[in-house]
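Chemist: Next come the chains, spelled out residue by residue.
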Amino acid sequence: MMPTQLTMSRAIGTGLRRALADDPKVVLLGEDIGKLGGVFRVTDGLQEEFGPDRVMDTPLAEAGILGTAVGLAFRGYRPVVEIQFDGFIYPAFDQIVAQVAKMHYRTAGAVTMPITIRVPYGGGIGAVEHHSESPEAYFTHTSGLRVVSCSNPQDAHTLIRQAIASDDPVLFFEPKRRYWMKGDVDEEFGAQTLSMEAARVVREGTDVTLVAYGPLVATALDAATAASDDGISIEVIDLRSLSPIDFGTVEASVRRTGRLVITHEAQQFGGLGAEIAASITDRCFFHLEAAPARVTGFDVPYPPAKLEEHFLPDLDRLLDAVDRVLGRVNSLTGWKA
Amino acid sequence: MMPTQLTMSRAIGTGLRRALADDPKVVLLGEDIGKLGGVFRVTDGLQEEFGPDRVMDTPLAEAGILGTAVGLAFRGYRPVVEIQFDGFIYPAFDQIVAQVAKMHYRTAGAVTMPITIRVPYGGGIGAVEHHSESPEAYFTHTSGLRVVSCSNPQDAHTLIRQAIASDDPVLFFEPKRRYWMKGDVDEEFGAQTLSMEAARVVREGTDVTLVAYGPLVATALDAATAASDDGISIEVIDLRSLSPIDFGTVEASVRRTGRLVITHEAQQFGGLGAEIAASITDRCFFHLEAAPARVTGFDVPYPPAKLEEHFLPDLDRLLDAVDRVLGRVNSLTGWKA
Amino acid sequence: MLRATVVDHTLANHAAEDEPKGTGDELVQLLTPHGERVSNRLFDPWIADVSPEQLLGLYEDLVVVRRIDTEATALQRQGELGLWPPLLGQEAAQVGSARSLRSDDFVFSSYRENAVAYCRGVELVDLVRVWRGTASSGWNPYDVGMATPAVIIGAQTLHATGYAIGCAKDGVDSVAVAYFGDGATSQGDTNEAMVFAASFHAPVIFFCQNNQWAISEPVTLQSGLPLAARAPGFGIPSLRVDGNDVLAVMAAMRCALDRARTGGGPTFIEAVTYRMGPHTTSDDPSRYADPAEREKWAAKDPIARMEAYLEGLGLLTDEAKASVASTADDIARRFRAGCLSLQDPAPLTVFDNVYSTPHSGLERQKSQYAAYLAGFEGGA
Amino acid sequence: MLRATVVDHTLANHAAEDEPKGTGDELVQLLTPHGERVSNRLFDPWIADVSPEQLLGLYEDLVVVRRIDTEATALQRQGELGLWPPLLGQEAAQVGSARSLRSDDFVFSSYRENAVAYCRGVELVDLVRVWRGTASSGWNPYDVGMATPAVIIGAQTLHATGYAIGCAKDGVDSVAVAYFGDGATSQGDTNEAMVFAASFHAPVIFFCQNNQWAISEPVTLQSGLPLAARAPGFGIPSLRVDGNDVLAVMAAMRCALDRARTGGGPTFIEAVTYRMGPHTTSDDPSRYADPAEREKWAAKDPIARMEAYLEGLGLLTDEAKASVASTADDIARRFRAGCLSLQDPAPLTVFDNVYSTPHSGLERQKSQYAAYLAGFEGGA
Ligand SMILES: Cc1ncc(C[n+]2csc(CCOP(=O)(O)OP(=O)(O)O)c2C)c(N)n1
Ligand SMILES: Cc1ncc(C[n+]2csc(CCOP(=O)(O)OP(=O)(O)O)c2C)c(N)n1
Ligand SMILES: [Mg+2]
Ligand SMILES: [Mg+2]
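Residue numbers (this note's numbering), protein chains in the order written: chain X, 1 to 337; chain U, 1 to 337; chain V, 1 to 380; chain H, 1 to 380.
Treat each hint with caution, since some may be false.
[Stated by the list, open to error] Quick list of in silico lysine to any residue cross-link-like pairs, SDA-like style, CA-CA up to 25 Å: (1) Lys35/X x Arg294/V; (2) Lys300/V x Thr317/V; (3) Lys25/X x Asp143/H; (4) Lys35/U x Ser367/H; (5) Lys169/H x Asp44/X; (6) Lys336/U x Ser367/H; (7) Lys35/X x Val219/V; (8) Lys366/H x Asp167/X; (9) Lys366/V x Ala290/X.
Derived from the structure by calculation, the hints contain no laboratory data.
Produce the complete structure using the sequences and hints provided.
Modeler: And the structure:
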């Protein structure tokens, strides 16, 4: 089949359709995923095609959805759960952390939890509270879970199918402000398909390694383009998998560049950037020319829409951090040289 | 009043008693905290003394306890909540993260949430699942919360009273395996009383900075003693406050020692150690002689009792990490020099 | 089939323990859709003292809150608001209940209760701060006795319960009210709130607006029984009331309030109504809702029936109607002007009010970001 | 005061829709505490086919599980187990329900259901792995149709519901059973489970052992009404049964199972019993429990009444009793031997089964820790 141009939202939708078609044990659960097709229309048309027995609108209760999914997994199903927005995942936190994540360990491998939890996440859409959060670090800190995030339609399609096929539970973070980003999508898995754990170098460079994932990969690429006008060569890595992290790929890059900038929308303190900085410092200590820099959301609750530009990392803040690791004039040295 | 010898459990209990006596708005809520005095007897005698209106046994529902506490705080109360064991805090996660942590920000400061959430936490007591966890990183990553942990009876007493007096919500992590540790407790706050945000250098040293908190401070001190036999001088810092972290104190130490080891029971990936390593690397990059080393629980669910010694950091693993940052023979270099 | 729960309308007469029990899930209704006043031995007394002026006041409220709602939807369509959750069709449920409250009562609501907020005295401009994105909440809860809305479905039911427990501790007869939707009845929090309210005999009212929808999900997905049937099993008496009948809602609410104030504990009220508009301005009900059902409900409009009733009583002249309409237009104009006057917050306020006392980590971030921003001002 | 909920005992006759409704919260009882068989038109038929051998089998089960429980408590006192949650007093509730199940049914329980596990065929030694700390669970759930116990109160009620939905999807007539305590009824999860079960008409049985205590908290703190009163408001019929009467429990369970198998959906059973021992071996009930109350319940002992009943029938000779006792002793001996034979797990197994496929981060930690451990073996 030839690649087709799809939005990321459709790319995930076609991934779900394929999973439903390929495996009768795949079932979708969530709020408003049926007739409405989800508030982002990711599941559009799926209930019509596969019936309400495979694509189930559930009562409005996230713990209920996840707990029910655990029971379905016990029975041999592969539930794919939609959490309507990032900020609504917390009522299900106990079921995810204490049950989904631990059941395989608890039962010495007897019971698998092939549950995929789809979470439209992140900001930049001018929404009200609880609709723009980046809670990934809560889950990457939870042993037993796998966590991925997609940054483009092809990965979105491939990763959702890999996530559903995985016998481990997977948190699947969908960068909602990129749902309408278009790109080629090839539905066939080829030999060149990356494993779900692998990071990808999305732009090669020599001076600085810039690590991003999800919504900020596009921003990172923009920053790299802007920097190249300034003669700075940035290597951009899209992590794709947030747990585990493909540190090998990052390490190889940092060994060459000697400089690392990490970016995510989530709050900085205890965010994934801390783990990346700590792990890469550990692995590349004598190759680092400067301390890894983090460009992240600030340590405040996600702010009201008119302030989100002062919370979210953007091109300028990324370039400022690049200047910092390169020892150039930057906001911390004082802007004037 | 003269200091008295108290166990940590009693030291917290006397702190609660003082808070109840000093401020009629202080109320205690939790499961089994009344007649039983809590499963660890921390609230022993308090219901008898202050009545069931001040020391309230609640229905068995953690979200209910925290949500009710939010309403009480709205009404001007200062609820002190007991979560029976670390692993039972997750059903309340949504109320803590989405309500307790954000209410002050949400209301532009109009509504304060002076809620103290006491959490007996950590392992080493041979317990079954969900009774030995260290979930602090979930809360330190949550803006709007303060997080502290005590390592000795005096701090336990002082910190619980400071936490209750704080207008911000405070997660108060009590290292359950140290409940029976004894020490002098002075109930008077003097000029020398540390602020709730401050770390404390509990042993001075020159070669390596060892950062610990809660249950592992005692282990860290043991390691320092053992190392000194080997001629290695370890400075041990008890963080006390986990959010914010008193990086100033840690930084000052690392600038002198050039070497940092961090330890906690919680899983490593995305644990507090990552934040400390990343922040201190950022602040002290050119003073560091080696990459900061983390000695933590492994990235597995808390294991069954007979395996917990292979999960928990202990003296030997700490000394191995000390050897590592000193460039001495260690498990990663291969044990034989 | 099996019918196992009884919704208890004798509650209206809650002093009289020897009353015969209600038989089922019928609605309390005092005004028919055509505006005829039907008498109800149990509930009539609760509104017997409502004067003609007060009746007209209720009518004006209904008209005004609908007008505000319409204006807000227009503002959203014009790009002035990011989002708006219309209350069209739910005016009577909100006005009838909110106008029953005292100023020392305290409301914990969801996002759709803009008419409740209006009745509590929230400033017009404060209704839109959140939806325009200039603030994370509109008002100081203590100024109006109403918390800022909870977006997390069901969370506020526990807050109301805790607040009510506090009222009881304080020995005052103030009451807390939790407003929530039909969808919210499925959340653990809402059910735990009933457990706690019953256990502590808290003076709280669970006011559920059953508008038949949780976004695209019909109420039948949440419950096969009337929602009011849920509470009795928790030990909480409940009522079903015609939510499009402002008088019935007021009677039910006053009854429940009196019960709470006099030590009777919690009550659950299901106000049966209909969401005539989309879930929010982002929603497209044509994907899931049956227009015929909406038509059926249009015939039960809360304003039309009040209008007919007041006209029948000779209280509402054409002149009075026109005057109410012009008051509403006036309010809408002020509302719009207030909205448009809202300024974007200053950048560094993003760091404000996270904590009530300085926090070393955040102070550092703030000063670093201030230095960063200063570069733009001074420089480029 | 107000009584608003009816527990529905006509359920036993669930095919006959025209039955008169039950009136309230009375207990289904087929055996009095003295072992007299009381007839019950609705429930007798459900156990009419229980043969004398089966009656003796039930008796043996009761005796054996109590003996295992006593042995486990002893093992804990002797330091061989870290902890044990005794089921003393709850034997009939567990045996009567578990012995009603088919092997293709599936149980999701809490920590106290060791008699259920025994009846499901769990190996004796597998009952103590968790409490001895050698494993985080005792058995493979698929071998016995029973999940390993949930420690998080209420969590398993949702698992049972999901499993039941799966059974319905698969078109089989297997049933899922959630076991939980009185305290668990306060948890959001348990209430959400009822919402989901009702909404999806799931073949699940909510089997609540009301043993009057959640650690030190009396059931009255969780609910002022009988717990069975909760379910009908969710659209789930419920029953209260004398939990110390193995026959009544069996009748109730069979009735509910039949309902579930034939498309009738979920049922809630409250088995009213008493926790005669401490919450766990770490607990000290003298701090909160009234010994007089315990005495009252001792007179309702589930084994004594079955013994009296069988003796009355002439089924239980002294010889038979002695033989059962010796069987029980035998089992206890094997149980103890199994416990003592349990080996500590190998250190590196701490890394096993976190994931079902290799995980790069964890593999690295494991190999580093292996190298670390190797140093001790080789060196010091
Ligand atoms: C915990 C949580 N889950 C999901 C949502 C998304 N959501 C917002 S409104 C809504 C429907 C609420 O329905 P209902 O309770 O009936 O209130 P209504 O909107 O009809 O007033 C949903 C699912 C949310 N806000 N919070
Ligand atoms: C979520 C959660 N909160 C608290 C606990 C601690 N805890 C263990 S058992 C128990 C009481 C349970 O009472 P009940 O449901 O009646 O069951 P029983 O012990 O009587 O069998 C409590 C509070 C827990 N295990 N899980
Ligand atoms: Mg609704
Ligand atoms: Mg109990």
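Chemist: If any of the earlier hints don't hold here, list their numbers in rising order.
Modeler: Of the numbered hints, just 4 does not hold.
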